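J.: As a plain string of letters, each chain reads:
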Amino acid sequence: MFEATALNRKSYRNEALVKAGFLLMTIALVVPVLLVLGLLVIRGGPAISWEFLFTPPVNGMTAGGVLPALIGTVWLVVVALLASVPIGVAAALYLSEYAPDNFLTRTINLAIINLAGVPSIVHALFGVGAFVLFFRFGTSILAASLTLAIMTLPVVIVATRESLQAVPMAFREACWNMGATRWQTIRKVVLPNSISGILTGVILEVSRTAGETAPIMFTGAATFLPFLPQSVFDQTMAMSLHLYVISTQVPNVPDHLPFGVALVLISMVLIMNAVSIGFRVYLRGLKKW
Amino acid sequence: MDQRDRAWWTDRLVQALVFIGGISGIVFVVGIFVFVTKEGLGFVLNTLDIKEFFTSIAWRPTSSNPTYGALALIVGTASVTGLAMLVSVPLALGAAVYIGEFAKGKTREALKVLVELLAAIPSVVWGFIGLSIMSPLIIDLFDVPVGLNVLNAGVILGLMAAPIMTTIAEDALKAVPDGYREAAEALGATRWEVIWKVVIPAGKNGLVAAVLLGVGRGFGETMAVLMATGHSINIPTSPFDSVRALTATIAAELGDTSYGSDHYGSLFALGILLFTVTFIINLTADVVLRRTTRR
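Just so you know, the sequences run in chain order A and B. Mind the numbering: the first sequence is residues 1 to 289 in the working numbering, read in order. Mind the numbering: the second sequence is residues 1 to 295 in the working numbering, read in order.
Hints listed in this document are in silico derivations from the structure and should not be mistaken for laboratory results. All figures in this text were calculated on a predicted structure; none of them were measured in a lab. A portion of the hints provided could be inaccurate.
Unchecked claim - For lysine to aspartate or glutamate, the following EDC-like pairs were computed, each having C-alpha atoms within a straight-line distance of at most 20 Å:
(1) B:LYS112 with B:GLU182
(2) A:LYS188 with B:ASP11
(3) B:LYS197 with B:GLU182
(4) A:LYS19 with B:GLU193
(5) A:LYS19 with B:GLU109
(6) B:LYS174 with A:GLU162
(7) B:LYS174 with B:ASP262
(8) B:LYS38 with B:GLU253
(9) A:LYS19 with B:GLU185
(10) B:LYS104 with B:GLU116
(11) A:LYS188 with A:GLU173
(12) A:LYS188 with A:GLU162
(13) B:LYS104 with A:GLU15
(14) A:LYS10 with B:GLU185
(15) B:LYS104 with B:GLU182
(16) B:LYS174 with B:GLU116
(17) B:LYS174 with B:GLU185
(18) B:LYS174 with B:GLU109
(19) B:LYS204 with B:ASP178
(20) B:LYS204 with B:ASP262
(21) A:LYS19 with B:GLU182
(22) A:LYS188 with B:ASP5
(23) B:LYS197 with B:ASP178
(24) B:LYS197 with B:ASP171
(25) A:LYS188 with A:GLU97
(26) A:LYS10 with B:GLU193
(27) B:LYS104 with B:ASP171
(28) B:LYS106 with B:ASP171
(29) B:LYS106 with B:GLU116
(30) B:LYS104 with B:ASP11
(31) B:LYS112 with A:GLU162
(32) B:LYS104 with B:ASP5
(33) B:LYS174 with B:GLU193
(34) B:LYS197 with B:GLU185
(35) B:LYS197 with A:GLU173
(36) B:LYS51 with B:ASP262
Claimed, not checked - Under 8 Å between C-beta atoms, here's a sample of chain B residues computed to sit facing chain A:
(37) TRP8
(38) VAL14
(39) GLY22
(40) PRO61
Virtual Cβ for every residue (Gly too), placed ideally from N, Cα, C.
All chains should be modelled from the sequences, with the hints used to inform the complete structure.
T.: Put into structure tokens, the structure is as follows:
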């Protein structure tokens with residue numbers, strides 16, 4: 001019969017110790033953040049009401065709600081998506097369906113990694129240099145959204161490419177054997193089988209776009225505007241910048257107000273993320289191959 | 001029979017369109033470099049004293065006798081990023097090992113989702129947390145006069161960078177073939193021996209890349225360091241000193257400059273520096289990663 005020797009027992013003990021150690025590190029990573037989020041909910045929660053969401057700020061932003069910032073964020077996100085989703089999906093289609101494994105493709109991949117790694121404030125400088133000045137859009141929703149679109153492009157590309165590559169090669173081969181062109185195969189077979197994965201990426205991009213601050217500071221977002229934007233050439237307020245402004249620039253803001261804004265912003269972002277993740281898990285359950 | 005019917009032409013057209021989309025990534029990265037350089041180059045060539053830029057701590061772009069010493073800003077960024085890495089690297093790699101190698105089933109899925117959600121918290125919210133929660137906490141705990149300092153920003157940035165590093169590191173561990181683990185287990189190795197002697201050496205490059213990308217992220221972070229460092233020009237001698245970061249300087253000052261002025265140019269010069277350094281970091285991470293996949 002097998003019996004644990006002293007050496008076995010020692011390694012079991014070590015094993016348990018090591019596992020506990022790693023668990024502790026994971027907890028140390030997750031728990032402080034959860035505590036902080038809890039604190040945001042406790043301190044920001046009382047500020048939130050329908051009135052808070054649907055009235056503009058008053059008294060030099062020391063009272064009132066967040067309506068123009070909320071609407072402004074929606075504008076920025078929608079315009080940014082209109083620009084980045086077509087480009088991002090096209091790029092992902094190229095990389096997944098067309099690109100040969102050559103120098104150009106490697107360069108494209110490297111460029112995408114770099115696009116994601118460039119500091120957000122450098123994206124802002126680019127937005128100022130390119131969209132505000134060179135293309136003469138001025139500080140406007142259009143300039144800010146295009147800056148955001150380029151910054152979040154890698155999110156769409158990576159998510160879309162992943163869901164395209166998850167479609168089995170045999171599906172495409174079956175379609176090509178019927179005499180279909182590449183595009184017919186993509187449109188009738190590849191896209192329908194990956195559209196939900198692409199949507200997941202788009203939702204993820206929405207949440208990234210909504211939370212960004214630095215890229216819109218000088219390209220189109222204003223600290224305070226007494227009116228709502230009417231077109232893409234207007235400036236706008238935005239939730240993220242609003243949080244920065246009332247927590248650092250405006251004197252005598254009652255404590256609950258920035259906590260309320262932070263809570264609304266983070267709820268928007270996290271809910272959208274949770275939807276995206278939930279969607280992904282649900283889809284994985286549906287997969288038949 | 002001519003094969004060039006409508007479907008053929010559509011196919012060609014789509015292929016061209018998709019190709020344009022494909023190279024857009026390159027176009028945008030080059031565009032960023034060109035436009036940031038275009039706005040900053042005049043200043044760098046005509047006004048900037050490169051030696052002063054890297055050795056002087058006097059960043060006084062608005063004084064009547066302006067000086068553009070970025071040393072304090074570079075040191076500020078480096079100190080905050082360094083502390084952030086001290087906080088996040090052990091936590092992130094530890095969490096990656098736990099999630100990837102120890103956790104099973106539902107726990108594992110739940111932890112992965114949680115880490116992903118943590119990575120999604122916007123930087124301005126992190127900055128606000130530093131400002132309104134961490135700062136009073138630091139003042140209370142350490143009995144120091146100012147709560148906005150290297151410690152505050154470093155911890156905030158560490159918590160921010162850790163989830164992303166965890167995700168990438170976990171991917172790197174996952175990429176190690178199961179055959180390696182099975183072979184080690186068949187030799188009687190315990191779980192920990194498998195991880196320490198087999199999985200980590202095999203996934204080393206991926207782990208290094210994860211850390212590098214974390215450094216890049218910390219280096220380029222803007223809003224959180226703007227709000228949590230205290231934003232005062234200073235060479236820190238302790239974690240309780242306030243500093244100012246490169247990114248934060250651009251964010252705080254660009255709004256007050258007039259187009260084409262030296263001050264405006266100097267901020268774009270900082271941008272060129274930031275772009276170059278993050279480019280090198282990302283390139284290195286990519287080279288390191290590629291070495292794994294090649295093998």
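J.: If a hint holds in the structure, say so; if it doesn't, say that too.
T.: Results for each hint:
no. : hint                   : in the structure
1   : B:LYS112 with B:GLU182 : 24 Å, violated
2   : A:LYS188 with B:ASP11  : 13 Å, holds
3   : B:LYS197 with B:GLU182 : 13 Å, holds
4   : A:LYS19 with B:GLU193  : 12 Å, holds
5   : A:LYS19 with B:GLU109  : 18 Å, holds
6   : B:LYS174 with A:GLU162 : 16 Å, holds
7   : B:LYS174 with B:ASP262 : 50 Å, violated
8   : B:LYS38 with B:GLU253  : 19 Å, holds
9   : A:LYS19 with B:GLU185  : 17 Å, holds
10  : B:LYS104 with B:GLU116 : 17 Å, holds
11  : A:LYS188 with A:GLU173 : 13 Å, holds
12  : A:LYS188 with A:GLU162 : 18 Å, holds
13  : B:LYS104 with A:GLU15  : 16 Å, holds
14  : A:LYS10 with B:GLU185  : 17 Å, holds
15  : B:LYS104 with B:GLU182 : 17 Å, holds
16  : B:LYS174 with B:GLU116 : 17 Å, holds
17  : B:LYS174 with B:GLU185 : 17 Å, holds
18  : B:LYS174 with B:GLU109 : 14 Å, holds
19  : B:LYS204 with B:ASP178 : 16 Å, holds
20  : B:LYS204 with B:ASP262 : 45 Å, violated
21  : A:LYS19 with B:GLU182  : 19 Å, holds
22  : A:LYS188 with B:ASP5   : 18 Å, holds
23  : B:LYS197 with B:ASP178 : 14 Å, holds
24  : B:LYS197 with B:ASP171 : 18 Å, holds
25  : A:LYS188 with A:GLU97  : 14 Å, holds
26  : A:LYS10 with B:GLU193  : 13 Å, holds
27  : B:LYS104 with B:ASP171 : 16 Å, holds
28  : B:LYS106 with B:ASP171 : 18 Å, holds
29  : B:LYS106 with B:GLU116 : 15 Å, holds
30  : B:LYS104 with B:ASP11  : 46 Å, violated
31  : B:LYS112 with A:GLU162 : 18 Å, holds
32  : B:LYS104 with B:ASP5   : 55 Å, violated
33  : B:LYS174 with B:GLU193 : 17 Å, holds
34  : B:LYS197 with B:GLU185 : 11 Å, holds
35  : B:LYS197 with A:GLU173 : 42 Å, violated
36  : B:LYS51 with B:ASP262  : 17 Å, holds
37  : TRP8                   : 7 Å, holds
38  : VAL14                  : 4 Å, holds
39  : GLY22                  : 3 Å, holds
40  : PRO61                  : 15 Å, violated
Hint compliance for this structure: hints 1, 7, 20, 30, 32, 35 and 40 are not met, and every other hint is.
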